[in-house]
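Engineer: Single-letter residue listing:
2 protein chains.
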Amino acid sequence: MGTLLGLGAVLAYHDHRCRAAEKSPHIYTREEVRSHSSPETRIWVTLGCEVFDVTEFVDLHPGGPSKLMLAAGGPLEPFWALYAVHDQPHVREILAQYKVGELSPEDTAPSTVKTSDPYADDPVRHPALKVNSQRPFNAEPPPELLTENYITPNPIFFTRNHLPVPNLDPETYRLHVVGPPGGQSLCLSLDDLYQFPKHEITVTLQCAGNRRSEMTRIKEVKGLEWNTGAISTAHWAGARLCDVLAKAGHQLCGTEAHVCFEGLDSDPTGTAYGASIPLARAMDPEAEVLLAYEMNGQPLPRDHGFPVRVVVPGVVGARHVKWLGKVSVEPEESYSHWQRRDYKGFSPSVDWDIVDFDSAPSIQELPVQSAITEPKDGETVQSGEVTIKGYAWSGGGRAVVRVDVSLDGGLTWQVAELDGEEQRPRKAWAWRLWQLQAPVPAGKKELNIVCKAVDDSYNVQPDTVAPIWNLRGVLSNAWHRVHVHVTP
Amino acid sequence: MGTLLGLGAVLAYHDHRCRAAEKSPHIYTREEVRSHSSPETRIWVTLGCEVFDVTEFVDLHPGGPSKLMLAAGGPLEPFWALYAVHDQPHVREILAQYKVGELSPEDTAPSTVKTSDPYADDPVRHPALKVNSQRPFNAEPPPELLTENYITPNPIFFTRNHLPVPNLDPETYRLHVVGPPGGQSLCLSLDDLYQFPKHEITVTLQCAGNRRSEMTRIKEVKGLEWNTGAISTAHWAGARLCDVLAKAGHQLCGTEAHVCFEGLDSDPTGTAYGASIPLARAMDPEAEVLLAYEMNGQPLPRDHGFPVRVVVPGVVGARHVKWLGKVSVEPEESYSHWQRRDYKGFSPSVDWDIVDFDSAPSIQELPVQSAITEPKDGETVQSGEVTIKGYAWSGGGRAVVRVDVSLDGGLTWQVAELDGEEQRPRKAWAWRLWQLQAPVPAGKKELNIVCKAVDDSYNVQPDTVAPIWNLRGVLSNAWHRVHVHVTP
Chain A
1 MGTLLGLGAV LAYHDHRCRA AEKSPHIYTR EEVRSHSSPE TRIWVTLGCE
51 VFDVTEFVDL HPGGPSKLML AAGGPLEPFW ALYAVHDQPH VREILAQYKV
101 GELSPEDTAP STVKTSDPYA DDPVRHPALK VNSQRPFNAE PPPELLTENY
151 ITPNPIFFTR NHLPVPNLDP ETYRLHVVGP PGGQSLCLSL DDLYQFPKHE
201 ITVTLQCAGN RRSEMTRIKE VKGLEWNTGA ISTAHWAGAR LCDVLAKAGH
251 QLCGTEAHVC FEGLDSDPTG TAYGASIPLA RAMDPEAEVL LAYEMNGQPL
301 PRDHGFPVRV VVPGVVGARH VKWLGKVSVE PEESYSHWQR RDYKGFSPSV
351 DWDIVDFDSA PSIQELPVQS AITEPKDGET VQSGEVTIKG YAWSGGGRAV
401 VRVDVSLDGG LTWQVAELDG EEQRPRKAWA WRLWQLQAPV PAGKKELNIV
451 CKAVDDSYNV QPDTVAPIWN LRGVLSNAWH RVHVHVTP
Chain B
1 MGTLLGLGAV LAYHDHRCRA AEKSPHIYTR EEVRSHSSPE TRIWVTLGCE
51 VFDVTEFVDL HPGGPSKLML AAGGPLEPFW ALYAVHDQPH VREILAQYKV
101 GELSPEDTAP STVKTSDPYA DDPVRHPALK VNSQRPFNAE PPPELLTENY
151 ITPNPIFFTR NHLPVPNLDP ETYRLHVVGP PGGQSLCLSL DDLYQFPKHE
201 ITVTLQCAGN RRSEMTRIKE VKGLEWNTGA ISTAHWAGAR LCDVLAKAGH
251 QLCGTEAHVC FEGLDSDPTG TAYGASIPLA RAMDPEAEVL LAYEMNGQPL
301 PRDHGFPVRV VVPGVVGARH VKWLGKVSVE PEESYSHWQR RDYKGFSPSV
351 DWDIVDFDSA PSIQELPVQS AITEPKDGET VQSGEVTIKG YAWSGGGRAV
401 VRVDVSLDGG LTWQVAELDG EEQRPRKAWA WRLWQLQAPV PAGKKELNIV
451 CKAVDDSYNV QPDTVAPIWN LRGVLSNAWH RVHVHVTP
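The listed protein sequences correspond, in order, to chains A and B. Residue numbering for the first sequence follows the numbering used here, starting at 1 and increasing by one per position. Residue numbering for the second sequence follows the numbering used here, starting at 1 and increasing by one per position.
Since the hints were made in silico from the structure, they are not lab data. Since the model is a prediction, treat every value here as computed from it, not as a measurement. It cannot be assumed that every hint is accurate.
Any copy, or any two copies together, can satisfy a pair, since identical chains are not distinguished.
As the list claims (entries may be wrong) - Once the Cα atoms are required to be at most 20 angstroms apart in a straight line, the calculated SDA-like pairs of lysine to any residue come out as:
(1) K427 with A280
(2) K376 with K444
(3) K427 with E286
(4) K130 with H162
(5) K67 with T271
(6) K247 with P123
This is chain A alone, in the form it adopts within the complex (with noise of 0.2 angstroms):
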């Protein structure tokens, strides 16, 4: 089951042995288990070789049923090794009541995969991952568990892949860093790399197409749909890309200059994945721009750039180039695609018939967002007191000062609790979770909850979507809304 969790996970649950059945239990198979995932069919698990039927259990789940609900017709793994807290003998009693059957013996051995697809050999992902696309990779964690942790665990990090996913191996694995004009280039393996001084930081990354989907409902855009959850953080370890670039010989210039980045993924054609950022930023030791080998405190997920990718806090998630291959100092921007031909922002009134790539800036640091991950659209709460809960974030290590959470589509606003971290000043990279406890009014039936937050320079989120439409689905930022009705 581990190769489930990715290579940062634990397995929590590793004592568990299926028992010699006193009498000859039900067999079924891991489709049979699929069928059952929903009230209407029953919601059946699978732990080890054993399945249960927790139809019952689910609302009486700790953790809300919810959670649960996330594991229903699969396994348990993946979701015990999130949150440890399972693994304990009164857990595993409460499930043995539910037991049904065990799984077909021939049904735990791994699916042959067709030689010829790209993308055969990308990892195994967690099962909580809501997916974009497969191919490329694209899929983002529920909100629910989003803001279940102020770091995200590496199995539900949110996962933005352009192109198959590269194998590498960690001992002949080499960072190219081209030399300045007349300089000598380096060629570092990853001992060459760790001989620099480890600086760890905790960065929010997030894609400029976080939320496009609200973007969508506007008007058709090019682009993954993804909802409030192509944002996670995680505490990195690496160098730090000032040293190594100053040990290559690089010093700041007056005139502009870039350091531009090669990731190892290409494409049938060999066009790497590629992106740049302003050498201003890469050569101040403040910005804390990371060539990045550890992920919470584990080698980095082969989904998140094993063995080394670029960690730029503050930035659009674009410029964190994974699987690096390559490093240079140039006086223009990336000619990448990925730099040159998205990632910009556009007025409403650009059409693809229109569209004048030069004319924008490339994305950089990001402006400021937030949004509410419980309860969820369309969900019905408890009239009395209701808990919404949420995260924001700014770019450019702008503080979030204040989210404000509206329950009448904002004419009225409370401000929500900042949980999380201090937020050290002009380098707030991480995101603050926050939460509302507030009473429903009474006598609502129904509650259009908005939530807007301020950074440190007072930029704050824009009212509605469809003025900053643009044709790419980036940059969604308008106030989050979701509309919930009220039991009576």
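Following the hints, put chain B in place on chain A, whose structure we already have.
Structural biologist: Chain B only, in chain A's frame:
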């Protein structure tokens, strides 16, 4: 007349003399001239001691009727000083046709002032300024003058005073720079300041209360009723604060610290104006914080801090302390009222009964801003084509990358043309002026013109004012809206 223009202005009209009248001319008092300031009463102006009735000329004025109307009932000299194009024989010939008389000779003497008034010694101001408060003096240029020039002429630069204007002698002026613990303090004369490398930058200053009047329309706020003109741009020169602090022995420390400024303006109890900025900004040469002694090539006008003021590019006007007397480095922000009990942003839900000033950060960098300066609200525009002009700016050195303009209240948008100087990356300290020539849709009887700007972090302005309303009426940066009628 020269004093009318402030120290920085040049009197353009200088060879005018009253000719011996051919016949005995009509003699008028200034008071009488002042009463002729509208088409109904006829429009009079003066130049030197001559009085002109320019009612018939207003619509022929090449700069537009609204510009000439700014001088209605008063002298032309302050406006001719701003627009030197007037200082030509053929302009005076045109004017001569409209002569109706001369000013009473005893009416040129300056009026006497009450010496018990602490504001009695305030400088004489330019008549074009729209005064929001006389004591202390707070005034803004009218919108149609504001965007006439990329650099705002000194006499009409918005003025935000908190106290009477001190009258300082440049010979005896001293700036006290407190040294680090155990170190030596500096006591700098103007000549000492001139010894530091002279640094020159173009910087836009904006009051936190700019556009407050739009918040007042939602609900009462405490503060001056600024329209869109509490923002102006000048070319500043002075010593870099980082050089002066370094000379005093200060350096960046690991812990957070603040540079506190004290003005030489003070109230009757001796309390001076004060404010602070983070030490990290003060010490960063790239942040270009100035101790400015020149404004647009002239010594600072008295209203703008003569002889020395702070200029903190990208930061709210309140930190640009004028008539600077003292600089110190402290572990905490300035204890000044204006740092701790003012110039902070709050949720719309916070009123004076519950406000906790310690709960919000002091405003430093300002959010992205834009406004329409032409046409004016309520104006009637010609059918056919309309020209829309305005300004856009963002705090923190973030460049304005786009201004969207709508003629239909925000349903559809057009991209405006950005004028003004090219902006340096991360150091876009000055505004962009913009304009749009757009066809007026056929049959439209009115237009709801709206503008919104985007900065290079892709932050945008919020759609509406109410959700950013706050009890002090600061940070008013919603879309700017102007309603105009169209001639049939």
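Engineer: Against each hint, give a clear statement of whether it holds in the structure.
Structural biologist: Each hint tested on the structure:
Taking the shortest Cα distances, K427 and A280 sit within 20 angstroms of each other both inside one copy (16 angstroms) and across copies (12 angstroms). Taking CA atoms no more than 20 angstroms apart as the test, K376 paired with K444 passes inside one copy only; the shortest distance there is 18 angstroms, against 43 angstroms between copies. When the C-alpha separation of K427 and E286 is checked against a cutoff of 20 angstroms, the pair qualifies both within a copy, at 8 angstroms, and between copies, at 17 angstroms. Taking identical chains as interchangeable, the C-alpha atoms of K130 and H162 lie at most 20 angstroms apart only when both belong to the same chain, with a minimum of 17 angstroms there against 56 angstroms between chains.
With identical chains, the CA atoms of K67 and T271 are never at most 20 angstroms apart, being 40 angstroms at best within one copy and 59 angstroms at best between copies. With identical chains, the CA atoms of K247 and P123 are never at most 20 angstroms apart, being 34 angstroms at best within one copy and 58 angstroms at best between copies.
Checked against the numbered hints above, the structure violates hints 5, 6; every other hint is satisfied.
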